[in-house]
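Asks: Residue numbers are given in my numbering: position 48 of the sequence shown equals residue 211, and the series is strictly consecutive.
Since the hints were made in silico from the structure, they are not lab data. Hints may contain errors.
[To be verified] What follows is a set of in silico ranges between Cβ atoms, one per label pair, in the way DEER data are often shown:
#1 185 - 164: 24 to 34 angstroms
#2 189 - 210: 25 to 35 angstroms
#3 177 - 205: 15 to 25 angstroms
#4 186 - 208: 31 to 41 angstroms
#5 198 - 166: 13 to 23 angstroms
#6 185 - 211: 15 to 25 angstroms
#7 170 - 194: 17 to 27 angstroms
#8 210 - 186: 20 to 30 angstroms
#9 204 - 183: 16 to 26 angstroms
#10 195 - 165: 14 to 24 angstroms
#11 164 - 187: 32 to 42 angstroms
#12 177 - 208: 19 to 29 angstroms
#13 165 - 189: 15 to 25 angstroms
#14 165 - 198: 11 to 21 angstroms
Where a beta carbon is used, it is the ideal one built from N, C-alpha and C, also for glycine.
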Amino acid sequence: MKVIAILLLVAGVVGLILSALFPALCLAGILGAVAALLSGLGFLLMGRYRPYCQR
Numbered sequence: 164m165k166v167i168a169i170l171l172l173v174a175g176v177v178g179l180i181l182s183a184l185f186p187a188l189c190l191a192g193i194l195g196a197v198a199a200l201l202s203g204l205g206f207l208l209m210g211r212y213r214p215y216c217q218r
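Required output: the full structure, derived from the provided sequences and hints.
Replies: If you want it as structure tokens, here you go:
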């Protein structure tokens, strides 16, 4: 689970950098990168703060 989260965070950061470097990727690249970052953060938080009934 942590590997997926880390890969999503890396993909989001790389996507944001590429969107900044290549203006042709503008809105779609930024939205995809932000979505990957939020998904990665969600996976990290879900792994740490699970409800007690699911442990």
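Asks: Hint by hint, say whether it matches the structure.
Replies: Tested hints:
Judged by the Cβ atoms, the range 24 to 34 angstroms given for residue 185 and residue 164 holds: they are separated by roughly 32 angstroms. Separation of residue 189 from residue 210 is about 33 angstroms and conforms to the stated range, judged on CB atoms against 25 to 35 angstroms. In this structure the supplied range 15 to 25 angstroms holds for residue 177 paired with residue 205, their Cβ-Cβ distance being about 18 angstroms. For residue 186 and residue 208, the Cβ-Cβ distance of about 33 angstroms falls inside the hinted range of 31 to 41 angstroms, so the restraint holds.
Distance hint check: the CB atoms of residue 198 and residue 166 are about 19 angstroms apart, consistent with the given range 13 to 23 angstroms. Between residue 185 and residue 211 the Cβ separation comes to about 35 angstroms, which falls outside the hinted range of 15 to 25 angstroms. For the pair residue 170 and residue 194, the beta carbons lie near 19 angstroms from each other, so the given range of 17 to 27 angstroms is met. Checked against the hint of 20 to 30 angstroms, the pair residue 210 and residue 186 fails, with Cβ atoms roughly 36 angstroms apart.
The supplied range of 16 to 26 angstroms is met by residue 204 and residue 183, whose beta-carbon atoms lie about 20 angstroms from each other. Roughly 22 angstroms separates the CB atoms of residue 195 and residue 165, a value that falls within the hinted 14 to 24 angstroms. A beta carbon spacing of about 34 angstroms between residue 164 and residue 187 agrees with the range 32 to 42 angstroms that was offered as a hint. Between residue 177 and residue 208, the C-beta spacing of about 21 angstroms keeps the proposed range 19 to 29 angstroms intact.
The hint said 15 to 25 angstroms for the Cβ distance between residue 165 and residue 189, and at roughly 32 angstroms that hint is violated. Distance hint for residue 165 and residue 198: a CB-CB separation of about 19 angstroms, consistent with the stated range 11 to 21 angstroms.
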